[in-house]
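Order-wise, the sequence lines are chains V and Y. Position 157 (the first sequence) corresponds to 157 in this note's numbering; numbering is contiguous. This note's numbering runs 1000 ahead of the 1-based position in the second sequence.
Hints may contain errors.
[Stated by the list, open to error] Listed next, the in silico BS3-like pairs over lysine-lysine satisfying Cα-Cα at most 30 angstroms (straight line): (1) V:35 / V:73; (2) V:35 / V:2; (3) Y:1010 / V:73; (4) V:156 / V:132; (5) Y:1040 / V:106; (6) Y:1010 / V:156; (7) V:132 / V:106; (8) V:106 / V:2; (9) Y:1075 / Y:1040; (10) V:106 / Y:1010; (11) V:35 / V:106; (12) Y:1040 / Y:1002.
In case anyone wonders, no lab produced these hints; they're calculated from the structure.
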Amino acid sequence: MKFAVLRFPGSNCDQDCVLALNALPGASADFVWHKDTSLAGFDAVIVPGGFSYGDYLRCGAIAQFSPIMQSVKNFAAAGGTVLGICNGFQILCESGLLPGALVRNKGLHFVCKHQHLRVESTNSRFTNSATKGQVLNIPIAHGEGCYFADDATLAKLNANDQILVRYCDATGAVTDAANPNGSRENIAGICNETRNVFGLMPHPERACDPALGSTDGLVILQSLLTAEPAKAS
Amino acid sequence: MKVHVSVLPKPSVLDPQGAAAAEAIRHLGLQGVGRVRIGKLIELELPDATPEAEIHRIARDLLSNPVIEDYSIAKQ
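For reference, chain V alone in the conformation it holds in the complex:
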């Protein structure tokens, strides 16, 4: 399975993504520059973390107009797998590929730590290797990770089972105290209605090696490898 890892000016988790994916049997990953327009030959797209365009205007606001993003929109519309991590999640929301938006953390501070997440749904190509309710320990590192959506959108996300992971404590309890950034309903990651686009603030690629303290990120990457991919044309 071949992954395209996008690179914008200011992306800084692209190398980590490529490294983590290339270490997995059955996966290979290549960088794709934001000025490129072709995703031909790729089975999935990763929009990595970082500070694309210096977070100018709003996080992800400028990146949504990069040439490659039009191809990503077409790829997603055709059912292709798209995973946005951290700044990648922000870009997918700004692009309209995912509902809602990410705003300044409630506590105003940049938060960088390991964080527990509860898998809320295994009905997706991103979480099918997990068990429902499984608690994952995956790092977060963001200043604008507070997920916001209006009440109608939240109701829809819940009704369609689109909330894939929520912030929780070590026991799996979803509490205010375990919410690192003030996200509504402790939302850490959501997918689109057709379940082929997933964005999350935590960094699974930073939890793929025992030397980094956790290998729970592999649950998400392995899920992608067992899913049926749609080839880009």
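Dock chain Y against chain V, hints included.
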């Protein structure tokens, strides 16, 4: 002409910066301060003939995010 586009968080969106500033204002001794919201002011230099609809398009599609922000336009 110069056009000022003001962008403010929607009332329904949590604005921790505004809340922190309101707290600081109280701390400085000004009582009765209500809600404080912090946004941004963007100044554009545009040809005089720029249609109003074009300015709104730029304000809506790029300068603000309608999910979380409202904007207003003032020609200077």
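So, going through the hints one by one against the coordinates:
1. V:35 / V:73: holds, 15 angstroms
2. V:35 / V:2: holds, 20 angstroms
3. Y:1010 / V:73: holds, 27 angstroms
4. V:156 / V:132: holds, 20 angstroms
5. Y:1040 / V:106: Measuring from Cα to Cα gives roughly 19 angstroms; hence the hint holds.
6. Y:1010 / V:156: With Cα atoms ~20 angstroms apart, residue 1010 of chain Y and residue 156 of chain V stay inside 30 angstroms; holds.
7. V:132 / V:106: holds, 28 angstroms
8. V:106 / V:2: This hinted pair is violated, its Cα atoms lying about 37 angstroms apart.
9. Y:1075 / Y:1040: holds, 16 angstroms
10. V:106 / Y:1010: Holds, because 15 angstroms separates the two Cα atoms, which is no more than 30 angstroms.
11. V:35 / V:106: The hint is violated at about 34 angstroms.
12. Y:1040 / Y:1002: holds, 16 angstroms
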